[in-house]
Amino acid sequence: QQTPQTQTPRKGGTVRMTAPYGGSLTSLDIHTSPRAQDDIAGKILHRTLYNWDSAKGQPALELAKEVAVSGDGMVYTYKLLDNAYFHNGRRMTADDIIWSYTRIMDSTKGFPGARYVRFIKGAVDVEKGAAKEISGLRKIDDFTVEMTLAERVNPGFLFFVGVTAILPKEEVEKGNFNSNPVGLGPFKFVEHVPGSRLVTERWEKFYKPGKPYADKVIVLIMGEAAARDVAFRNKEIDTSILGPVQYVAYMADPVLSKGILEVAEMFTRSMVMNQASIKPFQDKRVRQAINHAIDAELIVKRLAKDKAYRAVSWLPSSSPVFDKTMKPYAFDPEKAKKLLAEAGYPNGFEFEWTTSPNESWGLPIVEAVLPMLNRVGIKAKAKLIETTVLTETAMKGTFEAYIGSNVTGPDSLSTLKCFHSKTPRTACNYTAFNNAEYDKTLDEAGQASDPEKQAELLRKANAILYDEAPVWFFNYNKAVMAYQPWLHGLQANPTELAHQYPEDLWVDERSPVK
Amino acid sequence: MLLVLVRRVGNMVPTLAAVIALIFVLFSVIPGSFMSGLGDDGRTMDPAVMERMRKEMGLDQPLLERFVKYAGATVVGDLGTSFRTREPVTKLIAGRLWPSLKLTMAAMLVAMAVGIPLGFVAALRPGSLIDTASMVGAVSGLSLPKFWLGLLLMYFFALQLKWLPSFGYGDGGLTHLILPAIALGVSPLALLARTTRAAVLDVLNADFVRTARSKGMSERRVVTWHVMRNALVLVVTTVGLQFGSLMGQAVVVEKLFSWPGLGSLLVDSVFQRDIPAVQGCILVFVLFFLIINTLVDLAYVAIDPRIRYG
Amino acid sequence: MRLGANTWIGGGLFAVALAVAVTAPWIALTDPVMDANLLNAELPPSMEFPFGTDAQGRDIYSRVVYGAQISLTVGVVSQIANSIIGVTLGLTAGYWGGWWDDFVNGLTNVMLAIPSLIFALAIMAILGPGLVSLLIALGLTNWSYSCRIARAQALSLKSQGYVQAARILGYGPFRIMFTQLLPNMLGPIIVIATLGMGGTILAEAALSFLGLGIRPPFPSWGSMLSDARETIAIAPWVSIFPGLAIFLTVLGLNLLGDGLRDIFDPQATTRRA
Amino acid sequence: MAEQLLSLDDLAVQFKVGSMLAGGIKTLKAVDGVTLDVKPGECLGLVGESGCGKSTLALAIMGLVLPTRGRIHVGGQQISGDKPPDRMEMARTVQMVFQDPYASLNPRQTVRRTLADPLRLHGVGDKAEVEARVIDLMAKVGLRPEHADRYPHEFSGGQRQRIGIARALILKPKLVICDEPVSALDVSIRAQIINLLLELKDEMGLAYIMISHDLGVVEHVSDRVAVMYLGRIVEQGGWQEIFEDPRHPYTRALIAAIPDPFHRAAATVAGAKAKGEIASALNPPPGCHFNPRCPLKADLCTVETPLLGTVAPGHLAACHFRDRII
Amino acid sequence: MTGARVTGAGGNGPLLKVENLRIALQGDGVTFNAVENVSFEIGRGEAFGLVGESGCGKSITALSVMGLLRRPLSLGGGRIVLDGEEIQDASAAEMRRLRGKRVAMIFQEPMTALNPLSPVGRQIAEMFVLHQGASWREAMDRAEEALRQVRVPSPERRIRDYPHQLSGGMRQRVMIAIALACGPDLLIADEPTTALDVTVQAEIIDLMAELCAAKGTAILMISHDLGLVANMCNRVAVMYAGRIIESQVADAIFATPSHPYTRGLIDSLPRLGERARRGRQRLTEISGVVPSIQAYPAGCRFNPRCPAVTDICRTTVPEATSLPADGIVRCHHHG
Ligand SMILES: Nc1ncnc2c1ncn2[C@@H]1O[C@H](COP(=O)(O)OP(=O)(O)OP(=O)(O)O)[C@@H](O)[C@H]1O
Ligand SMILES: Nc1ncnc2c1ncn2[C@@H]1O[C@H](COP(=O)(O)OP(=O)(O)OP(=O)(O)O)[C@@H](O)[C@H]1O
Ligand SMILES: [Mg+2]
Ligand SMILES: [Mg+2]
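Protein chains in written order, with this note's numbering: chain A, 733 to 1246; chain B, 17 to 326; chain C, 10 to 282; chain D, 6 to 331; chain E, 319 to 653.
Please keep in mind that the hints were generated in silico from the structure rather than gathered at the bench.
Honestly, I wouldn't trust all of these hints.
[As the list claims (entries may be wrong)] Here are the simulated distance ranges between beta carbons:
1) E:Gly534 / D:Gly56: 56 to 66 Å
2) D:Ala303 / E:Ser640: 34 to 44 Å
3) B:Ala89 / A:Gly744: 47 to 57 Å
4) D:Pro89 / C:Ile89: 53 to 63 Å
[Stated by the list, open to error] Pulled a few chain E residues facing chain D out of the computed Cβ check, cut under 10 Å:
5) Gln519
6) Ala520
7) Tyr558
8) Glu637
9) Ala638
10) Thr639
11) Ser640
All C-beta atoms in this analysis are idealised placements derived from N, C-alpha and C, irrespective of residue type, glycine included.
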C-alpha cells in the first residue's frame, strides 16, 4: 500500500506530522475530545484496547494478547499485555482498564466515549449514578479482565476509538493531565506549545519490541491548507493532508506525486433531505429524481478532482459488507424529470439547501449542483452556516436539506441504524426515515449470530436505502496524504488517514532534521 | 505622572465592565454550542453526553445567574474554565500571551523602525521622488488584504528564496517571527509613515520653527532640536492606537502562519464555541489596548510639559 | 478647491468600480452562479473567459464584475450605517455634553477597545454567514472614528459665532444640529467614511478568510480571493483578478480619502503662515 | 426699574474647570457680582482686558449661560440660575453681533437663508413679507439685493460684519450686544461699521451694549461706560466722567496705555501706568483684584475688597482711594 | 533721534537698505507680486515703523530681510543691503550667521512662537550656544541674566518654566530676550503686541524701546496701529496693497499726511478725547474694501477707494514724490 519497504527501518530521527483540522489541539486528555485532530496526538501518546488494522480492514487486539468470547457472544475475556508500561514507568494492569472505562461513564462529566462504553453491561447504571462500578467489567487477575456486554456488538469496533484510551489513574487524578499527559503510547510527552506544536520522544519501555523507530515525533498544528502547502514544499513538514486542489497539483508534480498515500475513508457525503419539513421529499420518486438529476460523477471528477469515490448507497466501498455489484444512480435528467412529473411536480419545486463552507462537502459542491437541479426544474437556494452549527441544525431538524459528511464505518450495523425508525433524530436519523421493511431487516441483522448471515442482511438493508434514496448519494471520501520521500511506515487507515501509528514510522537519512 | 496613571486606570474600569457585559450578552445568544461543534467531522455525538456536558459547563443555569457568576469571577481574575480543555482560561491565555506579545511587538517595531523615518524623510522633501514613492507605497500597503500579503510573503521568502521558514513558532527564535511580523506590521507601518509625514509637515509650518530659523539655526538643528519632539507628540497617538489594536488585528496573520497567539486561540475558540476562552481572549485584547493607551498617556506626560503641569 | 492627483486617481478607480457594479448585468458574460460548468473548470484566461475560470468552471470575469456589486454594497452600506451611528452619537454628545456625552464617550471607548475585526467576527458567528449579517457586523462595529470626529467637530463648531447666533435667534437644538452643525462637519465625516469603506472591504476579505464571510448567492471579492488562496501557485488567475479588484478599489478609496482630506482639512486651506 | 430695558442684579457666573482626579475641580469666577442697568435707546460701553468676563456677561444676558447667582431682568423676562429664559421671546428682545465675522456666519448658508430662516421660525409665514423684510434690512446695512444668494466666503470682512448685523436686527430686537464688533476688521473698514451701528441705533431706537477694548471706539459710541476687571465692574459712569475724570487706577492705566501721537506727553501720566501681568481669573489676588499692579496699592487693598462707591451721581468706582485725585 | 552708533564694519551708511524689493507669490500657475517696489532705509539705532492693513505685505517684507521666505513666496527682485553688504543672494549658511546675531526678529503670536516642549531658559540659551559657542551650562546662566534684563520676576525659577506656564506678556518678554541675546544690530518686531492686552502692550513697547536704545539696536517696527508706531518710531512708512505709499518722519505723518489713504486712516478712527473736544462727529469712512492680492487694481492701487481719483490713477502707477525730511509719497495728486 505504501512505498515498497525494501529497506530495513532506521532508528532515530524526527518525524514531523501535521494536525490539519484546525488551529489547535483541544485536549491531551484524550477522553475529553472525540475530534480527529486530537486523536492524531492520541495515537502517539495513548493506547486503546484495540487498534485498527488497516491491512486486514478490521480492529485488532492491541493491549491484550488474546481474547476468549463466550458462546452467546456476550462475554469477552481479555488476557492483557504484561509488558505495557505507562510513561511514568508503572505497568498497566486490569485495574487501569476498569478505571478508565468507569471514568468515561462518570455521570458528572461529559466524556464522549460513554457512547461506546455504554455497551458494557451495567455501564448505564454508573452513568445514571446508580452504581459506582460497572458490573459488566470484572478483574480476574492483574492481567485478565472479563467484559460482559449488554448488547451483541463487536467490542473491537468500540474500543479502538481514541476516546476510550487506557489512562493511568494516578496521573489523571493529579489534575494537570492535559498539560502533562501520561499514556501507554510509543512516545512520551515532552512539550506542547498550544496552537503550535506537540513534541514527543521515544518511550523506551514501549511494549512492541524494537519499536518505535524514531527518536522524536513532532505534531505541527497547521489548519491553513495554503500555508501547509508552502511548508510541505519547503520541506518543513513530513506529512500533509491534501484537499482536492492540492491533490491535483501534487499529482501533476513529477516529484511530489511519488509521495502520495490515498485511501477510501469511511465517510459518506450526501445531501440529507428532511422528510419531516418538506413535502416533496416524502415522495421516493422525488428523491430518486434528485439522484438522477445531479451529475455526481462529473463533480467528483472535476470539482473534487477525483479525490473522492462516487457514492452508490450509504455504506462506503471500504465497508466489509459493501456490495460491489451495485451501480450508482445514473445521471439522467430526463428520467429525473419524468419521475418528478409522476410524483406530481412537473414544474419542480423549491427548497432551501443548508451547507457549511467545507470545500469537499459544502458550499463549492452546492454551487456546482444548483445549476443541475435547476435544469430539471428544482430551484434550490443555498444557505450557508458555520460547520459548528451544522450538527446542531441537523439534530434540531431546522433544515429542509443539508449537505454533510457522515462517518459510515467501520461498524456497518451501527452505521445503518441511523435510518432505523426507532433511532431519534438527535441520535442520527436526520432524514426522519421510516421504512418498515428496512427496520425489520436491520433488526434481524442485529440478532444474527452468523457473520455471513449478518453481512447478507446488512447488504440487503443497504440496498433498500439505495432504492429509497433518503439522501442524495454524493461520494465517499478519498483521503490523501502527501509525505516526504524519507518517511516510511505510513498506513492507509480508512477510519481516518491522519491517524497513524507512529511506532511504525521511520525516517531515512535524507530527512533534513539533524 | 502618578495622577495621570490613577486617572487612566480609573477610566479603564467602566470600559472593562461594559466590555465584560457586552461580550457576555453577545456570546450567550450565539448559535451552536461546544457540544455540537465536537461533531464537526461527521462524528455524531451522543445526546446524553451532550446533556451532561451542558450541565458540567453550567449552561443549564439561567442567564442572569451565569452572568453574575461570570462577572464576579472575572473581577478576581478568574476567567472561567475552558470548555475544550477543561482547564482555567487564564492558563490557556497565559500560554498564548507571550507569542502574541512577541508578534505584536515585533510588528510594531517593524512599523516604527521603518514607518517613522520614512515619514520623516518624506516630509523633509515634500513632493520629491522619495516622498511620492513612500506615500504611494504606504497607501498600497493599506490596500492589500492581510492574508493575501502574508501568503505572497510566504511564497516569496520561504518557498522561492528559502530565506525564512514559512510558518509556525519554531523554538521561539527570530527567524519564525520575521514573516508574520512583516505581514502584520505593514498596515501600521503605512499609517505611521503617513501620520509622521503629516505631523512633521505640520510642525515645520509652526511658528516656533520659524522662530528657530530666525535664531540662525541650521535646518538640521531645527529638525533635530525642535521639530522631532513636537512631531513625536502627534505621532505617539497613532502609535498607541495602532499598537493597542494590533493584538486583535493579528488574528488573520496568526491563523495564516499557524502562530500560537491569542488570535488563533480566539478563532479556534469561536469556531468550537469555547465561549469562556473567547471571552477571555477578547478581554485580554481590550486590556492590552487600554494598557497601551495608558502607557501612551504616560508617554505624553513625559514628552509634553503642557500636560504634565496642565 | 483644487483637486489633487490623489483625488483624480482615487476617484477614478472608485468610479470605475461603481460603474462596473451598476452595469454588471450588462457587461458580465455569463451568470456568476448558475453558469457553473465543471467541464470548463480552472481554465486560464482566454478569449472566451477573459480572466479564466474557477474550480466550478465559472467565468471569473463575470464573477469579478458581479462581485463588485456585493463588495461595494458591503463597503458603502455598512460605512453609511457607521457614519449615521457615529454622527448621531457624536453630534448629540458634543452638542449636549453632560451625562449623555459621558455615556457616548464611554461607549466609544468600548468600541475602540474591542478590535473591530474581532467584534465583527463575533457578530458574524452569532448571525451566521450572509450578506445581511455582514452588513450588520461591519455596519455596527466601525463607528467610533466618525463618532469621535463628529463629537470633536460639534464641540468646536458649537462655540462658533454662527451656532451661538442660531441659539440666540431661538433655534431649537435639533434645528441647530441639522442646519448649522451637520453641514459644516460633513467634510471630515466623508473623509472618514471614504477611508472606512476601504477598510470595510478588506475586513470582509479577512472575515471570508476566517471562514465567516458572505457567499451565496453572489460572490464577493473577498470570498473569491479567500477561496482561491490554495490555488495561488497552480491557477494564479483565480486569485489574482479578485485580488487586484480589491487592491485597486481599496487603493482608490484610500487615495480619494486622502485627496478629500487635503481639500477639507482647514490646515491645508489657511494660507497665512 | 420699569423704565430699564435690562437690569443685572448681583450677577455671577462661575465655571467649573479641571477634573476630579487631575488636581481637583476649581471654580472660575468669570463674572463676579455685576450690577448694571441699560435703558432703552442707550449705549453702554463695556471695557476691560481679555478674559475679564465681558463675553461671559454677554452670554449670560442672552441666556446662553445660566447665572450662578443673581438675576437678570430683560424685556419682560427674569432669568436666574434656576429659571432659564423663553428663548423665542428672548430672541425678539436681545440680539448679538459677534467679534469674528468669519466664524459668525454659517459657511453653508446663503445670506437669504441666514436672514429668512429666523423670520420663519418666529412665525412670519408670508413669503412675500419675509422677502421684503430681508431685502429691506439688507439695504439698511448696505448690502445690495443681488447679494442675497451668495455664501459668506464671497464677501469681504466688512460685508460679512454687515450680514452679522443684519441677522441681529432681523427680529427687530430692542437691545443689541456688540461683542467687539470691529476688532477683527481691517482698520480702514472699521469706521464704516461704527457709523453703520450708530445710524441703525438712531433709526431703529436700539439700545447697545458695546464691548470693546478700544477705548477710542467706546468713547465715541457710548452714553455710559462700565469698566471690568477680573469679573467685576470697577468703575461705571457717563462717558465723559469716565474718560475725563477716571477714579479707578485701572481705568487710568487703560487710558494711559493708549498711544496718542497728538498728546503724547499729556496722556502719559507716568504714575498711571500699570505694571506686571494680569492675574488669572482662577486664583485672583485677595482684596482688590487690581492690587498687584496698582500704583496706589496700600495694605488695605490686599485685605478688603472695595465696593462700588459713588463718586458723583451716576459715577461709581470700586477703589478705596476713589476720592484721591492724581 | 540720534542714538546712532558708529560701528567699525561697513562704515557709516545706513544699517539696512532695501531697494525695489519684489516678493513673488506662486499661485496656481500664476505668479503674483505680493510686494513690489518697496524701498526704505534704516539708520543705526533708528526706530523705523512699517504700517499697513492686514495682508498688505508687512510680514513678508520683514521675512525677506531675514532670508526666511518659504514657498510659495520667494524674492522676486531688488536689493537688501545690510551694513553695506548685499544679502539678497547670500547663501543659506551666510544668512544663518546673520540671523539671530545681527538681525533678530520677534513675532506676533507669543503663544505659538516658542517651542512648547522646551523650557524657555533653554530656548534663550540656544542663542549663546549657536552664536557664541558657549557651553550649555554657561549659556543657561546667561539666559537667566537675559531674563532678568527683560524684567521677568525671579528669573532663576522662570528659566525652567515651559512657555505654557507663562502669560502672554511674559512670553513676549522671553521672545525679546531671545531676540536681543546676541546684541543684534537690527531688531524686527512684527506686531509684537497685537495679541496682548492694552496695558501690557504699553509696557512691552516701553521695554523694547528702552533695551534697544541701551544697546544701540535699530528697530523695524511692524504694526497696523499707526498711533502706536508713530509714538515709538523716528520714521514711518505706510504700506498699502504691497507698496509703500508714503513715508515720513513720525510726527509729520500725523500732522501732514500726504497720501489720501494715510489721511483717511488718521481721520477714520475715533481718537480718545476727540468726542470731548468736538462732540460726536460722524467718522470719515474710506469707502470700498482692501483689494485681494489676486485682484490688485491697475495704476494706483488705492484708486477704487480714493475720494480724489482721476483717470490717470486708474492707469499709471504713481512715482514717488519727495516730501520734506526725506519723506516720499506716491500719489498723482500730491502737491
Ligand atoms: N465655558 C467656559 N468654561 C470655562 N471657563 C470659561 C468658559 N467661558 C469663559 N471662561 C473663562 O472665563 C473668563 C472670562 O471669559 P470671557 O470670554 O468672558 O472674557 P472676555 O472678557 O470676553 O475676553 P476677550 O476680550 O478675550 O474676549 C476667562 O478666564 C475664560 O477662560
Ligand atoms: N505662505 C503664504 N502663502 C500664500 N500667500 C501668502 C503666504 N504668506 C503671505 N501670503 C500673502 O502675502 C500677502 C502679504 O502677507 P503678510 O503676511 O506680509 O501680510 P501682513 O501685512 O503682515 O498682514 P497681517 O497684518 O495680517 O500680519 C497676503 O496677501 C498673504 O495672503
Ligand atoms: Mg470676549
Ligand atoms: Mg503679518
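Hint by hint, here is what the structure shows:
1. Checked against the hint of 56 to 66 Å, the pair Gly534 of chain E and Gly56 of chain D fails, with Cβ atoms roughly 37 Å apart.
2. The supplied range of 34 to 44 Å is broken by Ala303 of chain D and Ser640 of chain E, whose beta-carbon atoms lie about 57 Å from each other.
3. Distance hint check: the CB atoms of Ala89 of chain B and Gly744 of chain A are about 49 Å apart, consistent with the given range 47 to 57 Å.
4. Checking the proposed 53 to 63 Å range against Pro89 of chain D and Ile89 of chain C shows it is violated: the Cβ atoms sit about 37 Å from each other.
5. Taking 10 Å as the C-beta cut-off, the interface hint given for Gln519 of chain E holds, the closest approach to chain D being about 7 Å.
6. At about 4 Å, the closest approach between the beta carbon of Ala520 of chain E and any beta carbon in chain D falls short of 10 Å, and the interface hint on this residue holds.
7. With its C-beta approaching chain D no nearer than about 9 Å, Tyr558 of chain E sits inside the 10 Å limit, and its interface hint holds.
8. Below 10 Å, beta-carbon pairs count as interface contacts, and Glu637 of chain E has none with chain D, the closest being about 24 Å; its hint is therefore violated.
9. The closest approach between the C-beta of Ala638 of chain E and any C-beta of chain D is roughly 22 Å, which is over the 10 Å cut-off, so the hint fails.
10. Look at Thr639 of chain E: its Cβ only gets to about 22 Å from chain D, farther than 10 Å, so that hint breaks.
11. Using the Cβ-Cβ criterion of 10 Å, the hint placing Ser640 of chain E at the interface with chain D is not satisfied: the shortest such distance is roughly 23 Å.
In summary, the numbered hints that this structure violates are 1, 2, 4, 8, 9, 10 and 11.
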